[in-house]
Each structure stands twice: as structure tokens, then as C-alpha cells.
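**Student:** With the sequences and hints as input, model every part of the structure.
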Amino acid sequence: MNAALLEVRDLQVRIATRRGVVRAVDGVSFDVPRGAALGLVGESGSGKTMTLRAVLGLLPPEARITAGQVIFDGQDLVPLSDAQLSRVRGSRVSMIFQEPMSALNPVMRVGAQIAEGPVVHLGYSRARAAERALELMRRVGIPDPERRLRAYPHEFSGGMRQRVMIAIALSCDPELILCDEPTTALDVTIQDQILRLLARLCGESGVSLVFVTHDLPVVAQICDRLAVMYGGQLVERGEASELLAAPRHPYTLGLVRSAPDFDEVRESLVPIPGSPPSLITPPPGCRFHPRCAFAEEDCQVTEPPLHLLPGGRATACLHDERCLQAAP
Amino acid sequence: MTALTGTGLPVELPRARSGRWYRQPALVAGLMVTGAIVAMAIAAPLLASDNPTAQNLGATLQGPGAHHLLGTDQLGRDTWSRLLYGARVDLRVAFIAVLFPFCIGTFLGSLAGYFGGWVDMVLMRLVDIVVAFPFYVLVIALVFVLGPGERSIYIAIAIIGWVSYARIIRGQILVAKRQEYVLAAQSGGLPTYRIIARHLLPNVISQAIVYALSVDMIQDILAIVTLGYLGLGIPPPTADWGSMIAAGQSFITTRWELSMIPGIAVVITGFGLSLIGDGLADLLRRGES
Numbered sequence: 001m002n003a004a005l006l007e008v009r010d011l012q013v014r015i016a017t018r019r020g021v022v023r024a025v026d027g028v029s030f031d032v033p034r035g036a037a038l039g040l041v042g043e044s045g046s047g048k049t050m051t052l053r054a055v056l057g058l059l060p061p062e063a064r065i066t067a068g069q070v071i072f073d074g075q076d077l078v079p080l081s082d083a084q085l086s087r088v089r090g091s092r093v094s095m096i097f098q099e100p101m102s103a104l105n106p107v108m109r110v111g112a113q114i115a116e117g118p119v120v121h122l123g124y125s126r127a128r129a130a131e132r133a134l135e136l137m138r139r140v141g142i143p144d145p146e147r148r149l150r151a152y153p154h155e156f157s158g159g160m161r162q163r164v165m166i167a168i169a170l171s172c173d174p175e176l177i178l179c180d181e182p183t184t185a186l187d188v189t190i191q192d193q194i195l196r197l198l199a200r201l202c203g204e205s206g207v208s209l210v211f212v213t214h215d216l217p218v219v220a221q222i223c224d225r226l227a228v229m230y231g232g233q234l235v236e237r238g239e240a241s242e243l244l245a246a247p248r249h250p251y252t253l254g255l256v257r258s259a260p261d262f263d264e265v266r267e268s269l270v271p272i273p274g275s276p277p278s279l280i281t282p283p284p285g286c287r288f289h290p291r292c293a294f295a296e297e298d299c300q301v302t303e304p305p306l307h308l309l310p311g312g313r314a315t316a317c318l319h320d321e322r323c324l325q326a327a328p
Numbered sequence: 329m330t331a332l333t334g335t336g337l338p339v340e341l342p343r344a345r346s347g348r349w350y351r352q353p354a355l356v357a358g359l360m361v362t363g364a365i366v367a368m369a370i371a372a373p374l375l376a377s378d379n380p381t382a383q384n385l386g387a388t389l390q391g392p393g394a395h396h397l398l399g400t401d402q403l404g405r406d407t408w409s410r411l412l413y414g415a416r417v418d419l420r421v422a423f424i425a426v427l428f429p430f431c432i433g434t435f436l437g438s439l440a441g442y443f444g445g446w447v448d449m450v451l452m453r454l455v456d457i458v459v460a461f462p463f464y465v466l467v468i469a470l471v472f473v474l475g476p477g478e479r480s481i482y483i484a485i486a487i488i489g490w491v492s493y494a495r496i497i498r499g500q501i502l503v504a505k506r507q508e509y510v511l512a513a514q515s516g517g518l519p520t521y522r523i524i525a526r527h528l529l530p531n532v533i534s535q536a537i538v539y540a541l542s543v544d545m546i547q548d549i550l551a552i553v554t555l556g557y558l559g560l561g562i563p564p565p566t567a568d569w570g571s572m573i574a575a576g577q578s579f580i581t582t583r584w585e586l587s588m589i590p591g592i593a594v595v596i597t598g599f600g601l602s603l604i605g606d607g608l609a610d611l612l613r614r615g616e617s
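From first to last, the protein sequence lines are chains E and U.
The C-terminal residue of the first sequence carries number 328 in our numbering, and the numbering is unbroken.
The C-terminal residue of the second sequence carries number 617 in our numbering, and the numbering is unbroken.
What the hints contain is simulated information worked out from the structure, not anything from laboratory work.
Every residue gets a Cβ at the ideal spot worked out from N, C-alpha and C, and that includes glycine.
Where hints are given, some of them may not hold.
[What the hints assert, rightly or not] Incomplete in silico selection of chain U near chain E, CB under 10 Å:
#, residue
1, R416
2, G444
3, Q507
4, L511
5, A513
6, G517
7, R522
8, R526
9, Q535
10, I537
[As the list claims (entries may be wrong)] A few chain U residues that don't get close to chain E, going by computed Cβ distances all over 12 Å:
#, residue
11, I487
12, Y509
13, L518
14, I523
15, G591
**Tutor:** This is the structure:
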């Protein structure tokens, strides 16, 4: 456990809205060992993006961490001030966003945007930072980098912009990169290129990854470990290959069944019935029970705790053996 | 608006015709009018036929003629020369007077917009207080208290004029700070002043510049002329449109053009600047859509 670079413990994020308090993240725990890639999976509104943003204290103004710890390299980040956090942000932990168009400053040359981190965090001179930017643009595979340094984001295609984002994220040699659906906005062919690039660069430099996505094929490609979120809670976690092959939570099973597979043609895709729960007034008991095929009476009453299984896995299902039997 | 050529370099394609600045009739007309006035002010020593402060008591209150293009005033000074040199003074003072409130308002407005909370509350209540009084009344009162002269004009306009910029910038920053590139900059651990100065302001400053170049500039020229008219502006004998109007007032029944000519100069200048403002605003709207 001590080897983990990032430990998230019982994290709770609440958002105050006019209709009530949204329990966006409700007691989420996971570890990211050094050099590992963790996939945080779940449908829209399951709290995965909020979890990611809470790690760096970058929540929207209405949201607040109400409990829990985010321990990065032995230090809890939750009580830190913005000024203290800014020493971690960018230099030791960086972030890649979903929309490479809106996440780049439209009126700043990309070279200057890549060079900004080294200037601020590493104390580079402008000339040295520009060299660094050039080197990074080469590493992320942007053609003709000398000229592209002086271009603006609108002159790049979506995939190239995401490469720029990756260059920015790598600019200060971070230990951890948080990726918020970095490939969702891209074409499938570009997605694949970007994923390979990320996996290669992180492998080369031993950077750890937290990868938020709702796209299982993407996760299978890049992540060693998975954590599945539903309704603001973690419902299952474990090694990626095992978890996808033999889900021990009906929601994971539902995700696997509803995702298309590139390698083998499945007979049919099975959608998960119903819609995600309200996080203002979540259903009692297991939050997934209204949509669950295996639900029994006790599921409506008992809130299932995350219990450990052999092989470092954990599930929050009371009847996980039944789920295992139904596996594809 | 770019395309890739065989070399992989971005190439600017011709943009929609109406998007070009020279296709904006208002902007072009405004630039021509204002440009002509500025050029005349700059070239005043070449264009003027006389020293603007040289009195000639033997030739007072003359009508327009060959020797004095627009006649002379009650002290025999050449009206054409005074008009040109007056433009120099009034335009220079107006331009400098715009700078201070622009900087102060942009600074305070970006603080209010970015931080929100009590900073925003305090600053915006301050803005409300200043806005509650008519601009010219406050400027005149302040200059009266501070004493006539160029320095007082700058101080008074700075104290009052910043509120418009603060409001414009605050509103723009409120919208822009929700953009993902700001979150990305924050996630990069950049210091707050850097996020505001290098990421937010360049994205939002254009509206404030348009306001400065047109609305505020006109307002300031009018304020300076009004102060000159009231004897609170640039002290005599320096030529200034406001004091020229005031001086000509006593002879309105016989030599009405003494007041009329500098008045028309003010109107044309204001007209040119507001055309520029309209044209720029139009251009920005198109750029956004």
C-alpha cells in the first residue's frame, strides 16, 4: 500500500444546487501504484470527472470535498491551500481534458502554451523553454514542429490539438497524469493513435495515469487496473483483464455487455435498462438495484459495502457470485 | 479558416468578404474622418498660417478672408491656426485621459470577475456609487476641487471613468473563466496573476478597447471641451476648442462663426470616433459568430 503514488480514501464531494445537495462522489477509495494506469469507468454523471478534479482541488465553485483524503506521494492534498496546491499542479500532477479545442487558449501560440509550465515551475529561461517545447512537440509526433510552435490552436486538427495537450501535460515531467476522457471528442482512428501515444510516453518515462472514460475498449487498451463507478460510488475494482473477463458486479457486467468488441463479434449488444439514479435522493440500499437483473429484497434495504475478493479485487454487490455465473 | 497545402503548412484562405475590416463602411469612413483630423493636428505647424497665440490688436474680429482663412478672434488671433493647435491639445489630452481609466478599470474589473465573492461585492458597489452620478457633473466638480489644468483633468477622468471598463471586463471574465482553457491553466499550477494576465485578458480585452477608442474617447473630448468652456480646462493662452467656444460667445450676434467653428470641429471628431466604434463592434460580432 505504501508503494502507491496516489491513494484516494473515502472521498466525498457534495455540490450545492437549488434542488438540493448532490452527492456527486460518495466514499470513493482507490490506489494508483507508481507507473501504473488506472481506468475510472462509469456512465455520464457517475462522478468520475468530479473524482478526478477533486484530486487536484479543481472543483467548480459550488462543489466541495466534504470528507476523505487524497494522498499523493505521502501527502494529503485535501487540506492544502491553492498556493500550496499550485506546486503540485502542472509540475508533479498534470491533467488532460476532453475537448482539446476549448482546453487550449485560442489567442496564444501553442509553443508558448507548452513552454509556460517549464518557465513557471522549472525556472527555465524563455529560450530554453522554447527548446523544451520543440522537443516535446517532436516527442508527441507533431510534424514540422519548428513552424508549428508559432501556430495558434485553431490551425490544428483535433488529434493534433490533443497531442499539444499531451505535450503540455508532459512539459514538467510529472509523476502522474489525470486524463479526463481525452479521446472521447476524437475520431476512432485518431483515438487509437492518441491512446498508443499516451501508453508509449507513459511507459517510457514511468508516469502513472488515471484515465477517466465511459469507453470500455479504450480502457482495455491502456489500463492495468480498473475502478468502476456508479451513482457516485465505487462498485468494483481490480485488474483490468480479470475484471472485464469476469465481472463481479452486475453494473460492470452491463457495461461489458453493452460495449462493442473489436476482436470478436458478439451476437448482440445488451443495453442497461433504466437511467442513472438521482444523486440528490439516491435509492435506498444498493444504488443499482432498480436496474439490476439479480436484485433481491435485501438489495433494496442494505447498502452493500465494498468487500475484498481474492486477487486484489473488490466488489460492492451482495450477490456477486450470481453475477459471476452469468458472465459472458 | 485555414487549409493544409501539400507542405502541411496552414494557409490563410480568403475569409468571408464582410469579415474584412476594409469592407466595413462605417469603420472605413470613421478611420478617414478621424485620420484626417489627427493628421491635421500633427501637421498643425505646417498648415497653420499664424502663431496661434500671437495677438494682433490691429486686426480683431475679422471675417474669413485671404489673409486669415477663418478670420480672427477678439484679440486678433488667427482662428484657423487656433483650431489646428486646439485639436493637438484636445486630442492629446483625451488620448492620455483614456489610458488611466482603461488600465485601472481593466485591473479592478478582472479582479472582481475572477475572484467574485466579497472582492466583487465591494468593487461593484463602488462602481454603482460612481455610476449613480452623471459623468460630466462629477468630472466638473472634481476638476473644480482639484483646480484647473491638465493634471486635474487626468485625475478626475481616471477616478470616474474606470467604472465602465471595470463593468465590461468583469462581465467578460465571468463568462470566460468558465472556459476549459482556464481550468487547464489552473490544472497547470500557473499563478493566478498569470492566468488573468496571459490567459483571460487577451481573450476579453477587445470590447474594452472598442469602448475606449470610441465611446470613452468622445466622452472625454466633450468633457475636456466643456471644462475649457467653463474656464476649468487648459489655461489660456493655449488654444483649446472649449475656451474658443467660450470666448466667441460674447460676439455671437456679430461673429457667430467664432463659437460655431470649434463646435463643428468637436461634432466631426465625435462623429468619426463613433463610426470607428460602430465598425469595430460590428467586426467583433462577426468574428464571434
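**Student:** Compare the structure with each hint and give your call.
**Tutor:** Structure-based check of all given hints:
1. For R416/U, the shortest C-beta to C-beta distance to chain E is roughly 35 Å, which exceeds 10 Å, and the interface hint is violated.
2. At its closest, the beta carbon of G444/U sits 7 Å from a beta carbon of chain E; the interface hint therefore holds under the 10 Å criterion.
3. Of the supplied interface hints, the one on Q507/U holds, with its beta-carbon coming within about 6 Å of a beta-carbon of chain E, less than 10 Å.
4. For the restraint placing L511/U at the interface with chain E, the shortest Cβ-Cβ distance is roughly 6 Å, inside the 10 Å limit, so the hint holds.
5. The restraint placing A513/U at the interface with chain E holds, with a minimum CB-CB distance near 7 Å, inside the 10 Å limit.
6. The interface hint given for G517/U holds, since its Cβ lies 3 Å from the closest Cβ of chain E, which is under the 10 Å cut-off.
7. About 7 Å separates the beta-carbon of R522/U from the nearest beta-carbon of chain E, less than 10 Å, and the hint is met.
8. Checking R526/U against chain E by beta carbon gives a least distance of about 7 Å; that is within 10 Å, so the hint holds.
9. Checking Q535/U against chain E by beta carbon gives a least distance of about 14 Å; that is not within 10 Å, so the hint is violated.
10. Residue-level restraint check for I537/U is violated (minimum Cβ-Cβ distance to chain E is 14 Å; threshold 10 Å).
11. I487/U, annotated as away from the interface, keeps every beta carbon of chain E farther than 12 Å; the closest lies near 31 Å.
12. A cut-off of 12 Å between C-beta atoms contradicts the statement that Y509/U is not in contact with chain E; the least separation is 5 Å.
13. Interface exclusion of L518/U from chain E breaks down, the closest Cβ pair being 6 Å apart, not more than 12 Å.
14. Non-interface call for I523/U relative to chain E: violated, since the shortest CB-CB distance, roughly 10 Å, does not exceed 12 Å.
15. At the 12 Å boundary, the C-beta of G591/U stays outside the reach of chain E, the nearest C-beta of that chain being 42 Å off.
Going down the numbered hints, you'll see the structure goes against 1, 9, 10, 12, 13 and 14, while the others check out.
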